[in-house]
Amino acid sequence: MAQEIRVPEVSDGVTEGTVISVAVAVGDKVEADQTLLEMETDKAVVAIPSPFDGTITEIRVAEGDTVSVGAVIMTGEPGGGKVAAPAPTAAAVSAPAPAETPAEPAPAPEPASEPAPAAEAPAPSAAPAEDVDLTPVREGERVAPAAPSVRRLARDLGVDIYQVQGTGPGGRISEQDVRIFVRETMQRITGGGPAPAVTGEFPGLHAQRPLPDFSKWGGVTQEPLSKVRSITADAMSYAWSTIPMVTQYDKADITELEAFRKEFNRKADPAGKLTMTAILVRICGAALRAFPQFNSSLDLARKELILKDYVHIGVAVDTPGGLLVPVLRDADRKGIETLAVELNETAAKTRERRMSPADLEGGTFTISNLGGIGGTAFTPIVYAPQVAILGVSRAGMEPVWDGSQFNPRQVMPLSLTYDHRVIDGADGARFLRWICQAIEKPINLVMKG
Amino acid sequence: MSENTAIPAKAQLVVIGAGPGGYAAAFKAAELGLQVTVIDPEANPGGVCLHRGCIPSKALLHVAKLVSEAEDSAEIGVTFGKPKIDLDKVRDWKNEVIGKLTGGLGMKVQHKKLTYVRGMAEFKDANTLSVTAADGTVGSMAFEQAIVATGSRPIMLPGFEPGSERIYDSTGALDLVDVPASLLVVGGGYIGLELGSAYQAMGSKVSVVEMTNGLLPGCDRDLVSVLKRRLDKKFDAIMLNTKVAGLKELKTGVQVTLEDKKGEQTKQKFAKVLVAIGRRPNTEDLGLDKAGIEVDEKGFVKVDGQRRTTVANIFAIGDIAGEPMLAHKAYGEAAVAAEAAAGRKAVYDPRAIPAVVFTDPEIAWCGITETEARAAKRKVKTAKLPWRGVGRTLTLGRDDGITKLIVDPETEAVLGVAVAGPGAGELIAEGVLAMEMAAVASDLRGTIHPHPTLSETIFEAAEMLFKP
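Protein chains in written order, with numbering that gives the first Met the number 0: chain A, 0 to 448; chain B, 0 to 467.
Calculated directly from the structure, the hints in this document are not laboratory data.
Careful, some of the hints might be misleading.
Stated by the list, open to error - Stretches of chain B that chain A covers, calculated by requiring three or more beta carbons in the stretch to come under 8 Å of a beta carbon on chain A:
(1) 135-149
(2) 262-276
(3) 439-445
Stated by the list, open to error - Incomplete in silico selection of chain A near chain B, CB under 7 Å:
(4) 142
(5) 144
(6) 145
(7) 147
(8) 154
(9) 169
(10) 171
(11) 379
(12) 383
Each residue gets a CB set at the ideal place from its N, CA and C atoms; glycine is no exception.
Between the sequences and the hints, there should be enough to build the whole structure, so can you do that?
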C-alpha cells in the first residue's frame, strides 16, 4: 500500500526549507534511512531519510521548491526488503514534479459539487496580478479557516492567510488575528517589538532604499541570495541597527603557548591536532565563568538580564556556502584536548554542511578567528542575542619591552566587541585582559577560573 | 428592449455572452466604473439559465409539485379531482416568467448604460473581435479587456441533431410542445430527473435509462436512495447499467434499442425521447486560438485564480471555465473577473459551491461528500439525521428525508453538508455559509434555529455529533 513521505520535524523552530537536491527518482528502490532529498533550512542542510524499505512511486517536489514541515514530498510503496542496488547520486536525478504546488498537490479532481482545487491551480499566464496569490485553495484539501471578508482583508493587506494562526474554534482566523499578524510583523521589521506570541517565524525585512539601475554603467548579473546569506544579512542588520557596540583591543604574548602547541602537535594525531582556537575556547569558557554578564542575553521588553548557567561557545567557520557558527557545548567543563578533537570534527562537518540544525543553536558567546588569513585587527559584530564576541587576528613577532630591553616576542592581537547596554567599558577591558593573562600564564586558569 | 445592432469600434471591457456569468460580470464591471459592451445573440440577457435552463425548468417543476401535492393530500383527508393540464396556459405562464426576468435584465442594461450588441463575436487577435450583428452587419471591435462567458449546450447522442420531432434535448423539452404519452429520459443526471419529474406530473409515463449503476453519479448514495424510493413509484421504469444501443424514429414514436450490462438487447417504443447526457462548453467557434487562449482537452478554457485566460487581458467565466457548470458558480466567477478587470485584488476562492437537484424530494449538498472523503482516505465524522422523527417534516406529510453533516474529527470544522428532502435546496444555503465562515459543529449547535422548521434538522444533526 502506498505510503506518504512527509517532511519530519528537523529542529525546533524550523518550519520550512528549500529542496536543494533530490537523491532518488520515481521507481528507485530505497532502504530505510537512505537519504531521499536534502533540504536547506534556516539553520543547516538536512538530509531527509526514507522511513521504510521500498520503492519510490511519486516525487512531488523539485529542487528549489520550498517545503513545509509535514508536507508530503514523496510517496512510496513499502516492502521489497533490502536492496542491493547502490543509492543513486544526486547528480543522476532531475525528478518530475508538479510545478505550482509547494505543499501538497490537490488530490483527485473533484466532482461538480465543490470547487475543485486541482482545477483552480493557476495556469501559467501573464496575469498582471502583482502580489496577489492566485491560489484559492492550498495544501491539498486543508483550507485556511477564514470567512470571505477575512480572506479579502488579508489579500488587501498583502498577508498570506496561510501564515496567520487562527485563535478561534477549529483554528478559525478572525479579522483580529490578521490585524495582530500585521502588527507583530511590522514590529519585527522595525525592530524592537515583543516576540510574537501567536504568529510563526516571519523573516525580518529591513527597509531598503530603491537601488539605481546599475546596468546604466555596465553589465550586471543577478544571483539569488542563498539561505545562509539571507539569514546572515538579516541577523547582521538586526544586530548592527539595534545593539550599541564597542570594540576593545588588546594583545597577548603567545610565545610560550605557541612553543607548547607546536611541541604537542608533533606527537598528536591529526584528529586531535591542537589549534589556537581550541585553546581560546577553553580560556573563554573560564573567562565567561569569571564574568557571567558576558554569558547573558538582554530582554529589554521585560527589563531583565538572562544569565545562563551553561557556557556554549560558537566558533565561526568559513564554508563555501557562507559563514556558519557551530556551537561547542560546555566549553568551561572540558579539557583542551577534548575540545580540540570536538572542534576539528565540528569544523569539518560544518564545511561539508553535514551538521544538524541543533549543532548551530544555543551559543552564549562566539569566537571568530581570522588569524589564519591575516590582518592586524577587526571589529566583529555581536551575534544577537549574545552580548559579546571575540575576534582573533594574525599573530606576529614584535619587540616587547621587558623593563630593561626589547625582546622579540610572538604577539596575537585580539578584538572584543560587546553590547554596551549590558557591559560597561571597564568590564570589557577587564574581561579581555583576563583572557590575555590566561594565554600568557595559563596557571591563571586554575588560579582564577 | 435593450437591443442595439450598431457595432461600436472599440470597448474598454467587452463581455461575450449574457448568461448569468456574462450579465453579472457586465453589471459589476459597470459599477466599478468600466465602460462595458455586451454581445449576445438574444434580444435580452439571460442565457441558458433564464431562456432554456434553470428558470423554465423550475417553473415546470412548480407545476409538478402542485400536482403531486394534490395527489398526496388524499392521504391526509383532502381530496382533489384529477388535475387538468391546460398546456397552452402552462407554456404561456412559463414564457411570461422568462419574459419578466429577461426583460428586467434588459432594463438594467439601459439603467447601467451598458452598450448591448445583439449578435455573435469571434476573436481576430488578443485585442480585436469580429462581431456579426443580428441584422447581418459585420464589424470589427477593438477592446482593452474581455470577459468570455459563452456558456454550454446539451450534448446530443451521436448521429442526432437537436430539432428532431421526437428526439430532443433539454432545450426542446422546455419548449413544452406537448405532453407525450410516454417519454424515455436518457441519462440519470439532474437535468434528466428534473425534466422527467415535470413531464410525469403533467401526465407522461416516464422511464429513465442510465449507463452507470446509479442515478446522480457523484452524489452520496444515501441521499440518492431517498429520491429513488419516490421515483420508483412515480416513474414507469428506472433502468440502470443500461445503454441506448439504437434509436429509430417512427411515425408514431421512437423505437429504442436498450442494452443491459450483459449485452442483451431489448426493443421498446416511446412517444418521445429526451436526451440529457451532459453539456459541452461553447468554446469552438470563438476564434480562441487566434487570440492565443488555450483550451484543455475537455474543451474548457484554461484560467487562473482570477479567471484570466492564458492571455492576461482576457478572462473566461462560467460553463466554459470548467466544472461545475452551474449558474451560481458563474456568478461567483463573474464578480472576481470584473473586480480583477477593474484592478482589484480579487481571487476566486469559494470554500463550497452548492449543488441542488430540484426533484421531489430535492437533493442538495456542498463541500466534501462522504464518497470523496472515502476516496481521498480522509478521516471524517458524520452525523445523519433521518427526517422521520422531526416535527416539521411530519406536519408537511412528508417524512422522506435525511440531513447529513460531515466534520473534521479533530477540529469539528464543517467539511460538508448534505440534505435530501423537500426544501433541501433552500436549506443548503446554511451549510454553504457555515463552510465559508469556517464554522465548527458547535457553531451550528449553538445557533438557535426556528421551530418548527426543516432547518432544525441541521441543528439536530450537529447535536448528534456531541452525543456519546
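Hint check:
Check on the segment 135-149 of chain B: 0 of its residues sit with their Cβ under 8 Å from a Cβ of chain A, so the three-residue criterion for coverage is violated. Counting residues of the segment 262-276 of chain B whose CB lies closer than 8 Å to any CB of chain A gives 0, which falls below the minimum of 3, so the coverage claim is violated. Coverage of the segment 439-445 of chain B by chain A holds [criterion: at least 3 residues with CB-CB distance below 8 Å; count 3]. Annotation: interface hint on residue 142(A) holds; nearest CB of chain B at approximately 6 Å, less than 7 Å.
The criterion of a C-beta within 7 Å of any C-beta in chain B is met by residue 144(A), whose closest approach is roughly 3 Å, and the hint holds. At its closest, the beta carbon of residue 145(A) sits 6 Å from a beta carbon of chain B; the interface hint therefore holds under the 7 Å criterion. Look at residue 147(A): its Cβ gets to within about 6 Å of chain B, closer than 7 Å, so that hint holds up. The beta carbon of residue 154(A) is positioned within 7 Å of a beta carbon in chain B (closest approach about 5 Å), and the interface hint is therefore held.
Restraint check, residue 169(A) versus chain B: the minimum CB separation of about 4 Å is within 7 Å; hint holds. A distance limit of 7 Å between C-beta atoms decides the matter here; for residue 171(A) the minimum to chain B is near 5 Å, and the interface restraint holds. Annotation: interface hint on residue 379(A) violated; nearest CB of chain B at approximately 45 Å, more than 7 Å. Nearest Cβ of chain B to the Cβ of residue 383(A): about 36 Å, over the 7 Å cut. The hint is violated.
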